[in-house]
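There are 2 protein chains.
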Amino acid sequence: MRFSSLFAPTLREVSADVELTGHKLLLRAGYIRQLAAGVYSFLPLGWRVLRRVEQIVRDEMDAAGAQELLLPTLHPQEIWAESGREARMQDVLLATKDRKGGIFYLGPTHEEVITDLVRKNIKSYRELPLTLYQIQTKFRDEPRPRGGLVRTREFIMKDAYSFDRDEAGLNKVYERMHAAYLKIFQQCGLDITPVAASGGAIGGKETVEFMLLTDAGEDSILICPECGYAANQEIADFKTVSNTDTEASAAIATVATPDAHTVQQVCDFLNTKAEKLLKTLIYMADGKPVAALVHGDRELNEGRFRVLIGANTLEMATPEQILAATGGPVGFSGPVGLKIPIYADEELRGMKNFITGGNAVNTHLTNVNWENVTSEITWARLRFATAGDSCACCGTGFTERRGMELGHIFKLAYSISEPLHAIFADEDGSDKTVIMGCYGIGVSRILAAVAEVSNDVNGIIWPKSIAPYQVVLIVANTTNEEQLALGEKLYAQLQAAGIDVLFDDRAERAGVKFKDADLIGIPTQVVVGKLAGENQVEFRDRTTKSSEVISADEVVGRV
Amino acid sequence: MRFSSLFAPTLREVSADVELTGHKLLLRAGYIRQLAAGVYSFLPLGWRVLRRVEQIVRDEMDAAGAQELLLPTLHPQEIWAESGREARMQDVLLATKDRKGGIFYLGPTHEEVITDLVRKNIKSYRELPLTLYQIQTKFRDEPRPRGGLVRTREFIMKDAYSFDRDEAGLNKVYERMHAAYLKIFQQCGLDITPVAASGGAIGGKETVEFMLLTDAGEDSILICPECGYAANQEIADFKTVSNTDTEASAAIATVATPDAHTVQQVCDFLNTKAEKLLKTLIYMADGKPVAALVHGDRELNEGRFRVLIGANTLEMATPEQILAATGGPVGFSGPVGLKIPIYADEELRGMKNFITGGNAVNTHLTNVNWENVTSEITWARLRFATAGDSCACCGTGFTERRGMELGHIFKLAYSISEPLHAIFADEDGSDKTVIMGCYGIGVSRILAAVAEVSNDVNGIIWPKSIAPYQVVLIVANTTNEEQLALGEKLYAQLQAAGIDVLFDDRAERAGVKFKDADLIGIPTQVVVGKLAGENQVEFRDRTTKSSEVISADEVVGRV
Numbered sequence: 004m005r006f007s008s009l010f011a012p013t014l015r016e017v018s019a020d021v022e023l024t025g026h027k028l029l030l031r032a033g034y035i036r037q038l039a040a041g042v043y044s045f046l047p048l049g050w051r052v053l054r055r056v057e058q059i060v061r062d063e064m065d066a067a068g069a070q071e072l073l074l075p076t077l078h079p080q081e082i083w084a085e086s087g088r089e090a091r092m093q094d095v096l097l098a099t100k101d102r103k104g105g106i107f108y109l110g111p112t113h114e115e116v117i118t119d120l121v122r123k124n125i126k127s128y129r130e131l132p133l134t135l136y137q138i139q140t141k142f143r144d145e146p147r148p149r150g151g152l153v154r155t156r157e158f159i160m161k162d163a164y165s166f167d168r169d170e171a172g173l174n175k176v177y178e179r180m181h182a183a184y185l186k187i188f189q190q191c192g193l194d195i196t197p198v199a200a201s202g203g204a205i206g207g208k209e210t211v212e213f214m215l216l217t218d219a220g221e222d223s224i225l226i227c228p229e230c231g232y233a234a235n236q237e238i239a240d241f242k243t244v245s246n247t248d249t250e251a252s253a254a255i256a257t258v259a260t261p262d263a264h265t266v267q268q269v270c271d272f273l274n275t276k277a278e279k280l281l282k283t284l285i286y287m288a289d290g291k292p293v294a295a296l297v298h299g300d301r302e303l304n305e306g307r308f309r310v311l312i313g314a315n316t317l318e319m320a321t322p323e324q325i326l327a328a329t330g331g332p333v334g335f336s337g338p339v340g341l342k343i344p345i346y347a348d349e350e351l352r353g354m355k356n357f358i359t360g361g362n363a364v365n366t367h368l369t370n371v372n373w374e375n376v377t378s379e380i381t382w383a384r385l386r387f388a389t390a391g392d393s394c395a396c397c398g399t400g401f402t403e404r405r406g407m408e409l410g411h412i413f414k415l416a417y418s419i420s421e422p423l424h425a426i427f428a429d430e431d432g433s434d435k436t437v438i439m440g441c442y443g444i445g446v447s448r449i450l451a452a453v454a455e456v457s458n459d460v461n462g463i464i465w466p467k468s469i470a471p472y473q474v475v476l477i478v479a480n481t482t483n484e485e486q487l488a489l490g491e492k493l494y495a496q497l498q499a500a501g502i503d504v505l506f507d508d509r510a511e512r513a514g515v516k517f518k519d520a521d522l523i524g525i526p527t528q529v530v531v532g533k534l535a536g537e538n539q540v541e542f543r544d545r546t547t548k549s550s551e552v553i554s555a556d557e558v559v560g561r562v
Numbered sequence: 004m005r006f007s008s009l010f011a012p013t014l015r016e017v018s019a020d021v022e023l024t025g026h027k028l029l030l031r032a033g034y035i036r037q038l039a040a041g042v043y044s045f046l047p048l049g050w051r052v053l054r055r056v057e058q059i060v061r062d063e064m065d066a067a068g069a070q071e072l073l074l075p076t077l078h079p080q081e082i083w084a085e086s087g088r089e090a091r092m093q094d095v096l097l098a099t100k101d102r103k104g105g106i107f108y109l110g111p112t113h114e115e116v117i118t119d120l121v122r123k124n125i126k127s128y129r130e131l132p133l134t135l136y137q138i139q140t141k142f143r144d145e146p147r148p149r150g151g152l153v154r155t156r157e158f159i160m161k162d163a164y165s166f167d168r169d170e171a172g173l174n175k176v177y178e179r180m181h182a183a184y185l186k187i188f189q190q191c192g193l194d195i196t197p198v199a200a201s202g203g204a205i206g207g208k209e210t211v212e213f214m215l216l217t218d219a220g221e222d223s224i225l226i227c228p229e230c231g232y233a234a235n236q237e238i239a240d241f242k243t244v245s246n247t248d249t250e251a252s253a254a255i256a257t258v259a260t261p262d263a264h265t266v267q268q269v270c271d272f273l274n275t276k277a278e279k280l281l282k283t284l285i286y287m288a289d290g291k292p293v294a295a296l297v298h299g300d301r302e303l304n305e306g307r308f309r310v311l312i313g314a315n316t317l318e319m320a321t322p323e324q325i326l327a328a329t330g331g332p333v334g335f336s337g338p339v340g341l342k343i344p345i346y347a348d349e350e351l352r353g354m355k356n357f358i359t360g361g362n363a364v365n366t367h368l369t370n371v372n373w374e375n376v377t378s379e380i381t382w383a384r385l386r387f388a389t390a391g392d393s394c395a396c397c398g399t400g401f402t403e404r405r406g407m408e409l410g411h412i413f414k415l416a417y418s419i420s421e422p423l424h425a426i427f428a429d430e431d432g433s434d435k436t437v438i439m440g441c442y443g444i445g446v447s448r449i450l451a452a453v454a455e456v457s458n459d460v461n462g463i464i465w466p467k468s469i470a471p472y473q474v475v476l477i478v479a480n481t482t483n484e485e486q487l488a489l490g491e492k493l494y495a496q497l498q499a500a501g502i503d504v505l506f507d508d509r510a511e512r513a514g515v516k517f518k519d520a521d522l523i524g525i526p527t528q529v530v531v532g533k534l535a536g537e538n539q540v541e542f543r544d545r546t547t548k549s550s551e552v553i554s555a556d557e558v559v560g561r562v
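Each protein sequence line maps, in turn, to chains A and B.
Residue 4 is where the first sequence starts when you use our numbering, and the numbers rise one by one after that.
Residue 4 is where the second sequence starts when you use our numbering, and the numbers rise one by one after that.
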């Protein structure tokens, strides 16, 4: 490809609201452009990288025995209702209505559609096991698109689904996929940490996320430096240490706390610390109010809480709902006198003389003790793990890192196949439900991930495996006939050798071309400059910045 | 690939409402499955063919100097409003609303989005010409999905867009695309006829459709056997012959025609022929009533009529609208006394003593003459050309064929770039509007087309260029160790030689395997049977049905 014809509009600057390094670089180097929030175009360079990533994914999926197909984007509403996930994923589902009023969801994931396909076309155990995959555009109505390709509303995903006779079969393919994923990320030049995770709305009983540890990540990962246990904060298992306050119960008292809505405001007002406060959070679980209690300095693990109470939807209550459920306004809720189901974090057991909201305007209670709470309390682990919590395996204190999720594998088991009645006749003639797994990779997110972690001050540094071109061939001065002639000769030679080469034949200053080459990040640079007359060129490595003068005759061999 | 693991569920029978041969075969042979009306899954075999077609398209596009990219499916409503096509294409646009109420259309075509990309990233004539393309899933709310992959609501299209400084540039790329298209279809084994066509809602001033002539086609194509002129019925140019009735005008009369709504019923009732009848069709053009008059035995060319009157939308009037516009019910409209704009087909000039509706219940008028019509009449060509009409070029009578549209190229000129203000600074420093072309190929429809025309009573016959596998290797009797061993050996040899081979190792009767091989339609069949002991196999050609016994050692070379 000649750079003079390439559609790769580079930019000196990008909008100030672009935060991540990788996002900035992909915009500046002309790989992507935003059409709307979380909706991107892949320009020719971006598309080339995407296709190389896809090919790595495809090769490993094929090697792992998976078969590629392509499922539709338009999913009839009925099938999402049948699986029961229409309600659970309503939040992110994008819908469209056809001219007859039929509702279709834009596929955010394809468990329903593929299970429907398989249940209609598989009759016998002889046709199992079966693993199918596709590389396809998905749609999710993300509340907060961010980081360029990191979190988008339209993105390219590889999604695989396995169908087996029994758990042993599922375990086998799950392990095979786990291994394939590690190979894929390694080939893309990414150092990935597999972590235990939550199934979320996808469901399933065992699941691993493949995390790139980077400050640009959206997830908190807790890692045990001793035993190596690594888990997403939302699922990380730790040793609960309950309060063991020894002080005697004091007398409960009502105090006026005008305009003190937040934990900090209450602490300031009462001159105390957050750990003496008990946060009472009111949620609507499938439309009914419930209370969750955690220490004033802890965060509720909403996902865990939702699963614990068995709710399809869980939303923070509105001020009106809080008033109706507690009798008081937002910021003044507490467990004393509360008539709705109460769930308390295990850590709170044994806590003495704490402070809670008073379920009335500008009112808190001090010296509250559990005997003051007359409703039944369900004790459970409700809070997130944080750095310093003790690893459940070995007791060592966790360290906390940020992680970007690039892959996710799930043992779905029967969570989809059961509601969809995906059955087969087993060897003994009995009807059995097929057991499933699903396996996703964020293909477009991989671009963002590599650009985020593989760069320097001058631009992106693509690994050879996924670079848009293997080599960029730069003629320093295109008005110099000797240079141009040697450049054209090398361009022809490299093309003839089947090498993907970007030929910078533009009538720009050499400095501009060098800057663009660094920005775009092709791993090898060949510069035809002043030594052209001696049939010599400069051979540069984008990563190491090493440079050497070699004979032009050696170029093809070296590349 | 081993057939025993392949997900290719074949069917003996398909639903009775499946009409087209190709559709039946793609279902029966396990290439596709329907999820909803006009929404299909591509199973592994179908996906393989699709990818081979895509690669042919990609190679020719690249060779023609086009650059591949990938644009989003979610199109902000604003950009469709800006181009003015939101109203014109409303009919087929599928919309979705995000959580903030923003409306997005699911891309049915990408002129707006790519022009937006180019206008924001191109400044100078130095960056032109530019041709960009993508291979992507499109969405259209088709009123009548049909023929399996022929007309779907979700389909794969290659769409290219060219941006040039001037008309000479556009003409050059248009010719290059025309030539590339012919090569693409030829490589897919399709005999294509380019025909002049209408731009339709896409717009543009010159456009050619690439038609496969087949009875399964949806379009009528008129072909001049003398000069070779070929055009879609909607645009075909012919010599208008106006009526030259010589009889004297008779006295207009009102006749009761109870329950005679249709042309046929009126003819039967009045004992006359359709050509004596004048059909008065009432339409709503952008919401206002208009009348179109054609001979009783002619069809109105709605597309031509819409363009003629400059309407964005044109719909048949409802019974209520007809009553309001004419004073009479459906089936009894006529031009006499009509107060809405009247357009009459040129052919009707000179017609005498004709029959029209009376704009009243159960009433027609006989012996109507043009002097009875007091409103102003606009004369124009309103009817479709049909077989027998005279070619405008050479006067020869047309023949009529059915055609399936597989590709379409348009000179858009400024129809999109002007409303979107896609400008560039020309060499003299002045601002100019970029001139555009667009070029589409129905990638998924090509599968349907090939299956429709390349088959026999036993199944599909894929051309080698796009077959899912190059060869199917069949072990006639897998319980015979000699046969199985030779099969495995050949399978390994073929794979090692880089040949895409489907190895039928299933424990089925030989007859089942032969039938499936014919149905699936892989061009070459190698059968390991009774001669395995002598190291001999049967080498069969799916197309010619020729078969010969060759040494197993020759197989790789022959394939």
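Worth flagging that the hints you see were computed from the coordinates, not collected in a lab.
Don't take each hint at face value.
To be verified - In silico DMTMM-like pairs for lysine to aspartate or glutamate, Cα to Cα no more than 25 Å straight-line:
| hint | chain 1 | residue 1 | chain 2 | residue 2 |
| --- | --- | --- | --- | --- |
| 1 | B | K103 | A | E71 |
| 2 | A | K279 | A | E209 |
| 3 | B | K126 | A | E511 |
| 4 | A | K103 | A | E130 |
| 5 | A | K100 | B | D101 |
| 6 | B | K27 | A | E130 |
| 7 | A | K342 | A | E305 |
Stated by the list, open to error - If you only want the chain B side, here are some residues facing chain A, beta carbon under 8 Å, derived:
| hint | residue |
| --- | --- |
| 8 | F10 |
| 9 | T76 |
| 10 | E379 |
Owing to the predicted nature of the structure, the values given are computational and were not obtained by experimental measurement.
Using N, Cα and C, we set each Cβ at its ideal position, and we do this for glycine too.
Comparing the hints with the structure gives:
no.	hint	verdict
1	B:K103 / A:E71	violated, 36 Å
2	A:K279 / A:E209	violated, 36 Å
3	B:K126 / A:E511	holds, 16 Å
4	A:K103 / A:E130	violated, 37 Å
5	A:K100 / B:D101	holds, 14 Å
6	B:K27 / A:E130	holds, 23 Å
7	A:K342 / A:E305	holds, 21 Å
8	F10	holds, 6 Å
9	T76	holds, 6 Å
10	E379	violated, 36 Å
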